[in-house]
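Novice: Please model the entire structure based on the sequences and the hints provided.
Just so you know, the sequences run in chain order D and Y. The opening position of the first sequence corresponds to residue 1 in this note's numbering, with each subsequent residue numbered one higher. The opening position of the second sequence corresponds to residue 1 in this note's numbering, with each subsequent residue numbered one higher.
Calculated directly from the structure, the hints in this document are not laboratory data. Any given hint might turn out to be false.
Claimed, not checked - Below are the DSSO-like pairs computed for lysine-lysine, each with C-alpha atoms no more than 27 Å apart in a straight line:
1. Y:K52 - D:K49
2. D:K85 - Y:K122
3. D:K27 - Y:K74
4. D:K4 - D:K34
5. D:K69 - D:K27
6. Y:K70 - D:K86
7. Y:K11 - D:K86
Stated by the list, open to error - Reference excerpt, derived from the structure (chain Y facing chain D, CB under 10 Å, subset only):
8. V132
9. D141
10. A147
11. Y154
Glycine included, C-beta positions come from ideal geometry on N, C-alpha and C.
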Amino acid sequence: MELKIRKSGSIYIIDVNGEMDLYNSYKLKELILKMMEKKIQHYIINLEKVDYIDSSGIGALIYICSSIKKNNMKLRIANIHGSVKKVIELTKLMGYFPISNSIEEAISKIEIE
Amino acid sequence: MDKTGDIKKIKVNEKSELFNKTGMFYKEFPSDYRQIRYFTLLVVQMAPPEIKEINLLEQQVSELIKNAVKHGNKNNLDKKVKVWYKFETDYAHLIVEDEGEGFKNLDEWNTFNGKRTQCFLKQDFENMAQYVSFRTENSDDNDGGNALFAAVEYWNAGVVFTNKKNCIAVKKKFPRKRHGIKIA
Numbered sequence: 001m002e003l004k005i006r007k008s009g010s011i012y013i014i015d016v017n018g019e020m021d022l023y024n025s026y027k028l029k030e031l032i033l034k035m036m037e038k039k040i041q042h043y044i045i046n047l048e049k050v051d052y053i054d055s056s057g058i059g060a061l062i063y064i065c066s067s068i069k070k071n072n073m074k075l076r077i078a079n080i081h082g083s084v085k086k087v088i089e090l091t092k093l094m095g096y097f098p099i100s101n102s103i104e105e106a107i108s109k110i111e112i113e
Numbered sequence: 001m002d003k004t005g006d007i008k009k010i011k012v013n014e015k016s017e018l019f020n021k022t023g024m025f026y027k028e029f030p031s032d033y034r035q036i037r038y039f040t041l042l043v044v045q046m047a048p049p050e051i052k053e054i055n056l057l058e059q060q061v062s063e064l065i066k067n068a069v070k071h072g073n074k075n076n077l078d079k080k081v082k083v084w085y086k087f088e089t090d091y092a093h094l095i096v097e098d099e100g101e102g103f104k105n106l107d108e109w110n111t112f113n114g115k116r117t118q119c120f121l122k123q124d125f126e127n128m129a130q131y132v133s134f135r136t137e138n139s140d141d142n143d144g145g146n147a148l149f150a151a152v153e154y155w156n157a158g159v160v161f162t163n164k165k166n167c168i169a170v171k172k173k174f175p176r177k178r179h180g181i182k183i184a
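Specialist: Next comes the structure, spelled out in structure tokens:
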């Protein structure tokens with residue numbers, strides 16, 4: 001799994017490329033925890049290039065989501081599709097995760113909130 | 001699995017038809033955490049493409065094998081995971097057995113999942129935050145604590161444990177694809 005960070009104004013977009021599985025998911029968690037330590041406030045996790053997620057990946061997203069919420073920071077998860085969307089639906093977390101259909105939508109949601 | 005309204009429970013029923021291994025294929029693996037996805041592929045490669053749903057079937061099978069390797073056998077390479085499986089175009093059926101002590105927290109899990117589902121049905125995501133991840137004293141940072149929530153939804157023809165709770169049987173039925181010529 002490859003993680004790349006880019007910026008749009010004050011928002012940090014993390015592009016995830018690869019599989020969020022039992023061997024890799026901790027990397028995203030660790031990266032965002034480090035960014036949180038640096039007091040970065042606004043995050044978008046872009047899952048456009050993620051075609052596989054398992055319970056460890058979902059667990060990482062839950063952990064990130066609750067940590068960001070506790071610290072009054074802002075998060076959107078963008079571009080979920082295919083089996084990733086299906087797994088999130090099966091776990092009934094579509095309404096729990098702050099999901100946006102695109103990066104543009106995620107940016108405007110963060111700016112409005 | 002019991003469906004009370006929209007709240008599903010995982011049951012213990014050793015006599016369930018889902019434990020009938022007749023005609024099923026069989027493989028056994030060492031409890032090697034690093035090879036869980038490889039073992040999964042060895043099983044799932046037998047499935048017809050139309051039920052793989054890209055990689056959803058693989059993901060669900062991988063969770064069962066991971067639970068057996070990690071939570072059942074505690075990654076002990078000397079302990080085996082046994083898998084019986086059969087895939088057809090209209091169903092997937094698996095039995096996964098480990099050599100562990102069994103899923104002792106099943107009642108607790110059913111209660112937890114009940115509360116979680118109630119929050120979901122009320123669309124109460126504020127309170128649902130308490131029930132997004134099922135943790136036990138043996139959970140670690142890499143455990144999502146959510147695999148069985150998806151399993152009870154995905155395996156729509158049943159999820160059932162043996163009395164010792166170290167063996168799980170699951171089945172999913174897929175809608176039959178109709179082939180034929182449409183007559184106007």
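Novice: A separate judgement is required for each hint: does it hold in the structure or not?
Specialist: A quick look at each hint next to the structure:
no.	hint	verdict
1	Y:K52 - D:K49	holds (20 Å)
2	D:K85 - Y:K122	holds (21 Å)
3	D:K27 - Y:K74	holds (23 Å)
4	D:K4 - D:K34	holds (14 Å)
5	D:K69 - D:K27	holds (20 Å)
6	Y:K70 - D:K86	holds (25 Å)
7	Y:K11 - D:K86	holds (25 Å)
8	V132	holds (5 Å)
9	D141	holds (7 Å)
10	A147	holds (4 Å)
11	Y154	holds (6 Å)
The structure shown violates none of the earlier numbered hints.
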